[in-house]
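Participant: What follows is each chain in one-letter form.
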Amino acid sequence: MIGADVVDLSRLQFAITAMYHFLFVPLTLGLSFILVIMESVYVMTGKTIYKDMTKFWGKLFGINFALGVTTGITMEFQFGTNWAYYSHYVGDIFGAPLAIEGLMAFFLESTFIGLFFFGWERLSRRQHLMVTFLTAFASNMSALWILVANGWMQNPVGSEFSFETMRMEMTSFAEVLLNPVAQVKFVHTVSAGYVTGALFVLGISAYYMLKGRDLEFARRSFAVAAAFGLASSLSVVILGDESGYELGDVQKVKLAAIESEWETQEAPAGFTLFGIPDQENETTDYSVKIPWALGLIATRSVDEEVTGLKDLKVQHESRIRNGMEAYGLLQKLRSGQTDEATKARFNAIKDDLGYGLLLKKYTPEVVDATEKQILMAVDDTIPQVAPLFWSFRLMVALGFWFILLFGLSFLYCAKRDAGRKQWLLKAALYSIPLPWISCELGWFVAEYGRQPWSIGEVLPTHLSTSTLGTGDLWFSLAGFIGFYTLLLVIEMYLMFKYARLGPSALHTGRYHFEVGAAAAPMGGGAGLIPQPMQTHVE
Amino acid sequence: MILDYETLKLVWWLLVGVLLIGFVITDGFDMGAGALLPFLGRSDEERRVIINTLGPHWDGNQVWFITAGGAIFAAWPAVYAAAFSGFYVAMLLVLFALFFRPVGFDYRSKVEDPRWRSAWDWGLFVGGAVPALLFGVAFGNLILGVPFEYDTFLRPTYTGSFFGLLRPFALLAGVVSLSMLIMHGATWLQLRAGQPIEARARKTVMVAGSAVIVSFGVAGIWLALGIPGYEIVSMPATDALPNPLAKEVVQAEGAWMANYGRYPWMILAPMLGFVGALGAILMAGAKRPGLAFTSSAASMSGIIFTAGFSMFPFIMPSITVPDVSLTMWDAPSSHLTLTVMFWAAVIFVPIILAYTVWCYRALWGRTTVEFIREHNYDAY
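Protein chains in written order, with my numbering: chain A, 796 to 1333; chain B, 33 to 412.
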């Protein structure tokens, strides 16, 4: 049996490394398309300033991209190193989208990113634009396949358990690919990435405008970001709402937990705007409700119910009892007692096997679980409500703030007045970190809300880990925390350094810190970089 | 499903081999060149020359590694689970070493401070040398057998330790893989870097190529004379549902040589390993770096297939409970998954090769110190 501390440490490590990885992914998703827009304008108009914009924002893109690649390798290793039983149990389905992601998207992205940086003198304008586009396209395709894999963890379609191979096996690749959860997650996630990229460019451009330098460059960047950001922030909220509909359909526990819905409400259910969830007494105190709203979001109807957590627990209890029987039959089948009657009965109830496995936490034999242990397992089927309730509300509030901010930015850009609105520029600048917060909250809701499962209703998280010792986990955790902290400090240092420097970093002689020093030879550029050029003095 | 299960199992054994070869030919040269960076580049500009021959390509190359990992996950989930968790500490050391590469390439020249640059140079050295060494050590351990077992619900448990991996033969396998990637990296630098690096790389190819021949030869003799292999006594049909618990396996002296007696053509693989390395030495000496690179690639392919052929059909034998050893017959995914993955590979690998070639051609040419001076701010 795996110790509880190994499970907790493995989860902690996965949470840290996954959330850290997603600090870099959304900016890659969004900024890459902003580069495509800027470069397209350059190719169409031939104006050098758009080339400079592509190159400068591309430099920041590169600083971010490097860490995205670094931390992405961890994600691929980690299923095998830390979640070996998971990998064995569902690798037949889960491995395929990851491998196809490599073949179809990651190769394309990583091959063309090199040409993006090194190909300016070697390719024609159109060829280079195509390279930039393919990089952006591929990074988004990458997200598609990863979310197909993740969507399957939430809603494991197109597969069934095989007792002979003791694992889940794929029955329909099309169902896995077209999993509705995967599709809504994909569009919501990439839109969130676009918002992140847009606000990054908007905020840094606002900084130059506040400082009154490189105004032509900043205004154009600001305008591109405002337009792209407005479209993205609208779509992220609308497509997020679509996610809510999918939840109502296939992830009822998560939806009820997010909403802190303990009782099944009469249709149409109200949306709880505010409240204090109380897990112990299974109530929500001081709740303020918007009538009808939840029913509309979750069921797209006024006459369907949204099931509450208490009723879901009743359903889970009967599934756990079925699961105990399924587990007993599985033991028989594994020991060679494979008569048709046993197989038939097992196949009839094997969908509840996962619920039986929940009891492994309390009794290794499962079939001998006491009534008390069954009730403990029933309680486990409901995640902690309060963190989900609050994370979700904060994420949504941020979503609406982005619409407002991009809407106003777009409006004043259209009026050619954005540069004079100091309050707007400051709001844009100080909002730069917010999309990251809402992205992380979104992932938290999606993954914490899936507990106690690593694969929804199929495989409990506590069974999914590798057979490791706590010493192994402390070693790897210390390594990750050490390296990741150091890398983040370095990345932020470079990002701030180049963002402050602005387009002068390109050394074209056309921008703020170089004007006046333009006649100086290359490398003498007006103290851009504090250290003298020691490297040429060999 | 056009291909039957048995054929697909065999095809995936080959495809994993092909992906590993793709990995050593592409990512191998940038790891090898990374391991050589502090030694062949003696000034900041020289080091930048080396880095910029790799700059546009290392990331695409690394995807061969990622995809090989993903393909093992998808095609042999049991191997992915047992090997990655069993080699836990070694895998994490590889991973931590790889951390230095993306940031090393991109960040190194963005700050002028020589201490900063030197630190990243050594980071790139670690990111090239450590994985090159540990991959070989891992292969050596597969050949020796790994202490792991299964329970009846197929949960793998590794019963050894990290230091248990550092057995003498496994370390020798590490030397083979490190020297072959260094040989390969040096042929790349001879091909793509300007003087004086080109000349230094030429000598390096000769030294590393000789190291490949000697270490690979010693490993072969050791394997024939002193390392017991594994032999299947009985097993289910080759197209049966995969179940690693259903066969009988024994350890036997010389068993890793048995396939060469049964299929004499397999001897071509080790011969290619030797001849390729010799070719790399001669072609480097004759200042034909393109041919040296090709020979080195052939040598590495031969060495990888030698390991595969010797062990076939084993992938990961268990030294403690030989019966639960993983083979390419009982570790794969389901028929459907292998089929889907097969078509994905058939469609995308040629496309990948096509645009990879296009990318290399677009950026072909020698990187020189003059190039670095002209591109002080936009080169790596």
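Derived from the structure by calculation, the hints contain no laboratory data. Any given hint could turn out to be false.
What the hints assert, rightly or not - Simulated crosslink set (SDA-like; lysine to any residue; CA at most 20 Å straight-line):
id: 1; chain 1: A; residue 1: Lys-846; chain 2: B; residue 2: Ala-411
id: 2; chain 1: B; residue 1: Lys-142; chain 2: A; residue 2: Asp-1212
id: 3; chain 1: B; residue 1: Lys-279; chain 2: A; residue 2: Asp-1174
id: 4; chain 1: A; residue 1: Lys-846; chain 2: B; residue 2: Tyr-295
id: 5; chain 1: B; residue 1: Lys-319; chain 2: B; residue 2: Ala-330
id: 6; chain 1: A; residue 1: Lys-1084; chain 2: A; residue 2: Tyr-1040
id: 7; chain 1: A; residue 1: Lys-1156; chain 2: B; residue 2: Leu-186
id: 8; chain 1: A; residue 1: Lys-1292; chain 2: B; residue 2: Ala-411
id: 9; chain 1: A; residue 1: Lys-842; chain 2: A; residue 2: Arg-921
id: 10; chain 1: B; residue 1: Lys-279; chain 2: B; residue 2: Tyr-392
id: 11; chain 1: A; residue 1: Lys-1155; chain 2: B; residue 2: Thr-184
id: 12; chain 1: B; residue 1: Lys-142; chain 2: A; residue 2: Phe-1291
id: 13; chain 1: A; residue 1: Lys-1127; chain 2: B; residue 2: Pro-354
id: 14; chain 1: A; residue 1: Lys-1292; chain 2: B; residue 2: Gln-283
id: 15; chain 1: A; residue 1: Lys-1156; chain 2: A; residue 2: Met-839
id: 16; chain 1: A; residue 1: Lys-1138; chain 2: B; residue 2: Thr-184
id: 17; chain 1: A; residue 1: Lys-1127; chain 2: B; residue 2: Leu-273
id: 18; chain 1: B; residue 1: Lys-279; chain 2: A; residue 2: Ile-1227
id: 19; chain 1: B; residue 1: Lys-235; chain 2: B; residue 2: Tyr-409
id: 20; chain 1: A; residue 1: Lys-1006; chain 2: A; residue 2: Val-801
id: 21; chain 1: A; residue 1: Lys-1138; chain 2: B; residue 2: Leu-395
id: 22; chain 1: A; residue 1: Lys-1156; chain 2: A; residue 2: Asp-1174
id: 23; chain 1: A; residue 1: Lys-1155; chain 2: A; residue 2: Met-1171
id: 24; chain 1: B; residue 1: Lys-142; chain 2: A; residue 2: Lys-1138
id: 25; chain 1: A; residue 1: Lys-1210; chain 2: A; residue 2: Arg-921
Stated by the list, open to error - Simulated restraints on C-beta separations:
id: 26; chain 1: A; residue 1: Ala-813; chain 2: B; residue 2: Gly-397; range: 36 to 42 Å
id: 27; chain 1: B; residue 1: Gly-397; chain 2: A; residue 2: Ala-810; range: 43 to 49 Å
id: 28; chain 1: A; residue 1: Ala-810; chain 2: B; residue 2: Leu-198; range: 28 to 34 Å
id: 29; chain 1: B; residue 1: Val-378; chain 2: A; residue 2: Arg-1116; range: 45 to 51 Å
id: 30; chain 1: B; residue 1: Val-378; chain 2: A; residue 2: Asp-1036; range: 36 to 42 Å
id: 31; chain 1: B; residue 1: Thr-270; chain 2: A; residue 2: Thr-966; range: 18 to 24 Å
id: 32; chain 1: B; residue 1: Ile-383; chain 2: A; residue 2: Gly-841; range: 29 to 35 Å
id: 33; chain 1: B; residue 1: Leu-198; chain 2: A; residue 2: Ser-1113; range: 51 to 57 Å
Glycine is no exception: its CB is placed at the ideal position from the N, C-alpha and C atoms.
Participant: With reference to the structure, classify each hint as holding or not holding.
Facilitator: Results for each hint:
| no. | hint | verdict |
| --- | --- | --- |
| 1 | Lys-846(A) - Ala-411(B) | holds, 17 Å |
| 2 | Lys-142(B) - Asp-1212(A) | violated, 36 Å |
| 3 | Lys-279(B) - Asp-1174(A) | violated, 42 Å |
| 4 | Lys-846(A) - Tyr-295(B) | violated, 60 Å |
| 5 | Lys-319(B) - Ala-330(B) | holds, 18 Å |
| 6 | Lys-1084(A) - Tyr-1040(A) | holds, 19 Å |
| 7 | Lys-1156(A) - Leu-186(B) | holds, 18 Å |
| 8 | Lys-1292(A) - Ala-411(B) | holds, 18 Å |
| 9 | Lys-842(A) - Arg-921(A) | holds, 14 Å |
| 10 | Lys-279(B) - Tyr-392(B) | violated, 47 Å |
| 11 | Lys-1155(A) - Thr-184(B) | holds, 15 Å |
| 12 | Lys-142(B) - Phe-1291(A) | holds, 12 Å |
| 13 | Lys-1127(A) - Pro-354(B) | violated, 25 Å |
| 14 | Lys-1292(A) - Gln-283(B) | violated, 60 Å |
| 15 | Lys-1156(A) - Met-839(A) | violated, 63 Å |
| 16 | Lys-1138(A) - Thr-184(B) | holds, 18 Å |
| 17 | Lys-1127(A) - Leu-273(B) | holds, 18 Å |
| 18 | Lys-279(B) - Ile-1227(A) | violated, 59 Å |
| 19 | Lys-235(B) - Tyr-409(B) | violated, 31 Å |
| 20 | Lys-1006(A) - Val-801(A) | violated, 51 Å |
| 21 | Lys-1138(A) - Leu-395(B) | violated, 61 Å |
| 22 | Lys-1156(A) - Asp-1174(A) | holds, 13 Å |
| 23 | Lys-1155(A) - Met-1171(A) | holds, 12 Å |
| 24 | Lys-142(B) - Lys-1138(A) | violated, 64 Å |
| 25 | Lys-1210(A) - Arg-921(A) | violated, 32 Å |
| 26 | Ala-813(A) - Gly-397(B): 36 to 42 Å | holds, 41 Å |
| 27 | Gly-397(B) - Ala-810(A): 43 to 49 Å | holds, 46 Å |
| 28 | Ala-810(A) - Leu-198(B): 28 to 34 Å | holds, 32 Å |
| 29 | Val-378(B) - Arg-1116(A): 45 to 51 Å | holds, 47 Å |
| 30 | Val-378(B) - Asp-1036(A): 36 to 42 Å | holds, 40 Å |
| 31 | Thr-270(B) - Thr-966(A): 18 to 24 Å | holds, 23 Å |
| 32 | Ile-383(B) - Gly-841(A): 29 to 35 Å | holds, 32 Å |
| 33 | Leu-198(B) - Ser-1113(A): 51 to 57 Å | holds, 53 Å |
In terms of the numbered hints stated before, the structure departs from hints 2, 3, 4, 10, 13, 14, 15, 18, 19, 20, 21, 24, 25, listed from lowest to highest.
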